[in-house]
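Could you put the whole structure together from the sequences, leaning on the hints where they help?
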Amino acid sequence: MSIDNTTGLSSSELEELCIQIGLFSSITSAYIFGSRAKGNYQPGSDVDLALQGESLSRTDIAELSYKLNQESLFPYHFDILNMNTADKKIIEHIKRVGVLILQC
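Under this note's numbering, the first residue of the sequence shown carries the number 1, and numbering increases by one thereafter.
Do not rely on the hints blindly, as some may be mistaken.
Straight line, CA to CA, 25 Å or less: simulated PhoX-like cross-link-like pairs of lysine-lysine [stated by the list, open to error]:
#	residue 1	residue 2
1	Lys95	Lys38
2	Lys38	Lys88
3	Lys38	Lys89
Worth flagging that the hints you see were computed from the coordinates, not collected in a lab.
Since we're looking at a predicted model, the values are computed, not measured.
This is how it looks when you write it as structure tokens:
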């Protein structure tokens with residue numbers, strides 16, 4: 001199992017994460033940001049996800065959050081941010097240091 005040196009997620013974990021995100025047609029791109037994107041995460045650190053999509057709704061975010069945090073076998077907690085409603089400074093930060101993991 002290879003581990004991504006930046007995010008600390010294995011290639012199979014990243015693949016599964018992209019599969020779960022891809023179930024939502026409203027999501028056009030997804031970034032990992034925060035400590036996992038900067039490479040200064042600790043064991044057990046959460047995974048900060050930023051999602052984009054014109055028709056991305058609160059319901060989509062809630063459903064994905066439930067899938068990742070309650071139904072999946074991931075050993076991490078996922079915090080999910082909708083980039084459509086996020087502050088401009090946060091968006092700039094994500095685009096600067098975030099790791100793009102999915103783009104449709």
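Hint by hint, here is what the structure shows:
no., hint, in the structure
1, Lys95 <-> Lys38, "12 Å, holds"
2, Lys38 <-> Lys88, "19 Å, holds"
3, Lys38 <-> Lys89, "17 Å, holds"
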